[in-house]
Structures are given as C-alpha cells and as structure tokens.
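With the hints as your guide, set chain B onto chain A.
These protein sequence lines map, in sequence, to chains A and B. So in the working numbering the end of the first sequence lands on 1013, straight run, no missing numbers. So in the working numbering the end of the second sequence lands on 1013, straight run, no missing numbers.
Derived from the structure by calculation, the hints contain no laboratory data. Only a predicted model underlies this, so the values are computations on that prediction, with no experimental measurement involved. Careful, some of the hints might be misleading.
Given that identical chains are not distinguished, each listed pair holds provided it fits within a single copy or across any two copies.
[Said to hold, decoys possible] Simulated pairs of lysine-lysine, DSS-like, Cα-Cα distance not exceeding 25 Å:
#1 K882 with K677
#2 K938 with K954
#3 K675 with K876
#4 K1005 with K772
#5 K628 with K694
Given next are the chains, with one letter for each unit.
Number of protein chains: 2
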Amino acid sequence: MPKNAFYAQSGGVTAVINASACGVIETARKHPDKIANVYAGRNGIIGALTEELIDTSQESDEAIAALRHTPSGAFGSCRYKLKGLEKNRAEYERLIEVFKAHDIGYFFYNGGGDSADTCHKVSQLSETLGFPIQAIHVPKTVDNDLPITDNCPGFGSVAKYIAVSSREASFDVRSMAKTSTKVFVIEVMGRHAGWIAAAGGLASDAETEIPIVILFPEVEFNQERFLSQVKAKVEEYEYCTIVVSEGTHWPDGRFLAEAGTRDAFGHAQLGGAAPVVANMIKDALGYKFHWAVADYLQRAARHLASKTDVEQAYAMGKAAVEFAVEGENAIMPAVIRTSNDPYKWEVGKAPLSEVANVEKMMPKEFITEDGFGITDACRQYLVPLIQGEDYPPYRNGMPDYVTLKNVAVPKKLNTAFEI
Amino acid sequence: MPKNAFYAQSGGVTAVINASACGVIETARKHPDKIANVYAGRNGIIGALTEELIDTSQESDEAIAALRHTPSGAFGSCRYKLKGLEKNRAEYERLIEVFKAHDIGYFFYNGGGDSADTCHKVSQLSETLGFPIQAIHVPKTVDNDLPITDNCPGFGSVAKYIAVSSREASFDVRSMAKTSTKVFVIEVMGRHAGWIAAAGGLASDAETEIPIVILFPEVEFNQERFLSQVKAKVEEYEYCTIVVSEGTHWPDGRFLAEAGTRDAFGHAQLGGAAPVVANMIKDALGYKFHWAVADYLQRAARHLASKTDVEQAYAMGKAAVEFAVEGENAIMPAVIRTSNDPYKWEVGKAPLSEVANVEKMMPKEFITEDGFGITDACRQYLVPLIQGEDYPPYRNGMPDYVTLKNVAVPKKLNTAFEI
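Just chain A, same shape as in the assembly (with noise of 0.2 Å):
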C-alpha cells in the first residue's frame, strides 16, 4: 500500500526553493505505487506538529509546474528548530502521531544547517521512538554552507543577482564619476560566510574590467587598509565599487552594521553595513557615494535565476524522491561537479550524518592575499553556478508566479499542539 509524503520547506526561502518542491511533487505523481499523496506542511515543520496540512493533490499540474518558475515558499516556510530528542520528546512524538493520523511514511525537508539536522533526527525515529519513515532532506541554502554537496540550490541565483546588479550600477556610477558620484556600495547577505560577496566580484571580469573591493565576514575589517584600497582604486578608475557583506566585522567581532546610532528618539538603530561604509568613506576621502543593500531582493529574484540553480534546485527535489522510492532513509541529494570547463554535474547521495551540523566555511584560496578580491580559484567555482537564464512567463508586464490555493488536509487529531 503506498504511504503518503511528507514535504515542507524550512528557513529563509530562496528563488528556487519551489523549483525543488516542483521536482518532488511532480516526481511523486509519477510513483502511485508508492507514494499516494504528498502533504505540504503550512510554514514547514509547524504545519506538522499543528496538523496544518496542505494537500498537494487539490493543485493542478500546471500548478505546480508553476512553482519551477516562482519565488519564495509556495506553502510557507519558518524559523523553528527542533531540540535534540532527549531535550523535547514531545515533539517528536507529535510528529509521529500526525504522521501516523495521515499515514505519512516519507518526510522531505527542503532547507539548510538546521534543517537537514532536523532531518537526521527525523529519520531515526524509526529506531529511536520505533516509528517507520524514511527521511530526504531537499538541500536549499543561499548561504552555500552545507558539506558534501559541491553548492546549494538557491545560492547560485544569488550569486547571479548579486554579480549582474553590481556589474549594472558600476556602470552607473562609472557615468557619474566625473563630477558626482564616485563611490557605490552595496550590501549582500552572508552572516558567517562570504559566498555572496565572493559573487559579487564576477561583476568584474576580463572583457568588462571594474575596479570592486570586497569585504568578506571571514576578513577582519581593518579601515586603514580598506580605505587605503578604495583610495588607490578611485585614482586609478575615477570610481570605485564596494561589495560589503552584512557580516563584516571589526577585529572585536562588532558587526559593522552595528555602529551604535541612535535615531531622534535614542532608539538603538540598525543601518545596515553598507550606510557606515560609504560614511565612513566620505569622512575620510571626501567622495560622494551612494549605496544599496539588496537584501530580500536578492534571495527572492526569481526573475534573474541561475539556469544552472533552477535545473539544480528541481533536480534535488526529484532525486529525493527517486532515492525515497529506492527505499533510501538519512540522506540528502548532493550536487557533485564532475568537471570544471567544460562544467559537468550529477546527483550525488551524501549521508545525513555527515551533513548534519558541518558548515562549509570559504576556503581560504578563494579570497586574495590583501583581503578584498577574489582568486581565480574561486572564480573557476562561480562562473558555472550563475550560467544561463531561466525567465519565468511574463503577463502584462509582471512576472506570472503562482499562488496555490494550499487546501488544507482535514484534521483527524484536532488536538492542540503549543509551538
């Protein structure tokens, strides 16, 4: 008898996140046999442990064929981490008592760090609390930090975003440097890593030469030395380019967004890196800037997608399925980069034990001996990741995303769960 799926998308959502859910979804419906239904959670695991489920079948094909093209988390996503079993059992055994009320047998969890331990514990559950399910995790970070798996689905589109829209406003600056701007920053996500950022140096490259300085979270930032390089960039180029990432920080660990401004009211205010750049830069320099932070912008551009990430992000999700219906249980698809030039990727099967709680940090190669660039080492990563375009269908004008009608599975416990 087949067993119904279990799916839910977790943490910060990405531009291809649905892309994956498309591929688990539309490869489920090929298996009958052995996947009968696949239940989405609303807002991810939440939806789980409240009984929100959302049932996929009431969604036509061309649904969710739409969901390859469309951003964010067609059925929701959060931030919820579960505990270890032995510090909240009871959340275990709720999931298992819904699992069981809709005799769920395969639980797919599409998300990053966090999520994929999440998922180890879940597909254990069968030897730890006796429940039998067999659990994929669907790899899906901008961040770029989980192991095994040569890179995320969702952080090549990013890279994408984040590459052309530098590229684009140094151009526009470059056109004003004359007698107004000469400074542009912009800021990029990337908390612990610098992957983003690292993208944001394609902007330059042999045929379109801009002069870019990079401030990566793995480089203490040293404002003499900074300052020094954006100098030395706006007398050679007249302009100068500067890619901060949220996480750059002083040598004391201080973020740079953290500048201990107070608004009129002495609230504590939160500017964001990129405004304490460029003020730092006209205070010491004198060159008029303008900056940028990109923000959700950037995660949620489905309009600029990475073919490579789109193909990827899809594929993670229809390899989780194929594996789940091998009998697969405690693994998670993986990008494996077979070749470089030409750039050559398969599927790959990394186990969840030894994706669980491994971040994969930047080498240290990728960045150049002065801090601010990035080696052709870590261009040669890159460049395949943001190859080709994916546009999605345009309707008068606007990009034609869709929105599910997320029919809700009928409750069968209606018992209250506090989240």
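Only chain B this time, still in chain A's reference frame:
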C-alpha cells in the same frame, strides 16, 4: 556641406539612456548628406566646455547597436547646469568656440528638466550670439517629470524593476510571516515626485493580491495613520510590504531619511528612509522587519528593462535626428499616448519653450484617498509603460554590456577652460 553633431548625456543615467544614444547615432549614420559625424561629450556638457569630444565614428556598427542593451551613460554624464546667458556669457561663448572649431551644427542633449533648459538656451544661440545651431532635446529621466511627453524614457524600466522586485520580496515575506519577518520595506527613488513609488503598487494586481502601503513624497507623513494602516494589513494578511519614496517627509518638510542619527564619532548619518520606517514599525507594533534600499540598482537594471521603455528611448533618439535633418530647432521629441487599451503611442514634438522649467507632478487622482495607494487611473497610466521584456544578450552568465573605446577627437583649440 554636412555639419557635425554634438551629443551629450546629462544628469542621472538610466537603464535606457544608451538606447537613445543608439537611436541618435544609428540615425545620424543614415544621413551622411546632413550629418558628417557625431561627437559625444565626454562626461556630458563638460566635454563640450573642455573640448573633450569623443569620436563616435571610431565605434563599429556592432558596438553602437550594443548601446541599445547597455545601461548607464556610455560617454559619461555629469551634474552640471549652465547658468543663464546673462549670468555666465563665458560658458556660451566657449561652447560656440568649441562648436565652431569642430564644425558642429547640431546639438542633441539627452536629459531631464534642467537639461531641457540648457538645450533651450543653446537653441537660441543663433539669435542671442549669432551662432547658427539646431538644438534638440532628447527626453530622459527616471523621475518622469517632463511635461508634454506622456512619460519619460528611463521611467518605464525603473517602474518595472520596482514592481517586479516588490512582488518578489512580498512573496518572500509572505512565506516567512508565520514565525519571522512580517514587514518588508523597500525604499525607492523620487525625491519630489512619487511616480516610482506608485510603480511599487503594480506588485499587486487582480490575479496576485499583495498588501502594500505606499509612502509618497506628495503626501505629508502621518506616523499614526501610517502605523494603523500597517497594523490593519498585517492583521488581515499576516504580512505587509511598504514602498517608501526617498522623498517621504514630515509635515515640516524634513525627510524621513534625516532621522538625526549620529554615528559613533558623532557624525550625522544619512541612513535612508527604509530603516527609519522599519524601526518605527518595530518600536510601535513589534513586527519583525526586513528592509532594502534599491538606489542605483533600480535605475541601472537593464537586465529587467521594459521593452516599451527601450523602444521609446530609441525612438526619441531617432526622432531627434530626423527632426534635425528636417531643419527643426528648439524642440523635444515626445511620447504621445493615443490609446490606452490597446496601448498605442506615437512620436510627437514639444517646443522647448514649453518644456524648460516645467515640472510635471503626479496627478492627485493617482493617489487613493487614504494617501497610501494608487488608483485605477494611476494603474491605467502605469501598466502600459512596463509592458514587454527586452533582455540583453548574456555571455558566460553575465549580461554582455558594451564599453566603448571613446576615442578622443583631436583638440583644435587647446585652450583650457575652467569649469
């Protein structure tokens, strides 16, 4: 005998001002009997004053064609306004000196309101200083505030970028709202007019409803009413997106961005309107927020240009040259809307005397009565301007934007001119 033409880009650049340059140069190349060569000003009008002219004949047809898909100002722009003839006769005499030396009979000036005024003054030089020249203004401004023309090239692409980005980020925050971010704030350009902010309203439409609150520069900021709007939206939809114009101001005229913040060194810190609004919501309502400042990204985003905008930008450049070879002077080609549904437009002709120093504000009937949204009339005006996509070619994952050789025309005067 054919004369040479002078072309210059002025003020803040856009995603499509080079499409106008493309229209000017390609069309001039079709009229060798009237126009010998197009000399571009290096960094705008400053290039004319300092005799730094760029020989566009050194650029291949392919390079000029690539201007159509390249953002920013390929020859450099400047923020430099010529004073009135009575106040600064020297500048006009210098222009004539340079134009005479280089046999220039046509003056194409690509800019906004200030530039139209300069262009108008140049168009009068034969009357005022006895120098025969035909001056045609090519409209350009993301501010969309030129009169007579239905809209300004550059605006449609910013509008599309802000509408699409606001929709994408709204999908993101909608996904996260259950346990995390409930409010997303995006700051957009437009210090005096709310055209760009209004475009944020297009993120929501009949098929894709999104709760959006817009803060216009035309509407005095009322904190209490604003917060109650946001609260109502979050209570109804669980989330809310706020589009705030950089020009949003308090009743006393102070911009929201001037929050009186000081950095650690006591320097006044310009932090943008978005973080001010976001922190205000956090303090009053406790909602978790994210904010973005699009800044140059919005006006440089050629990767997401409106096809309508690109076509109109090109058409304005083309028409400027055609008008010139027909003997016109002191005019500006304009976009004339002849039908809304289906949208149709044609090239019109505006006398510079009626363009210079006239600022077109957004009609009151484009803003909803509560002051936080756009009306159907506004939507009817805006929607045609974002129609169609016009993607640049990509090479190796990045848009293939052209950087011209910008070969200098040998100086004939070699006299210095202080600007």
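Practice task
Hint by hint, work out which the structure violates, then give me just those numbers in ascending order.
Solution key: none
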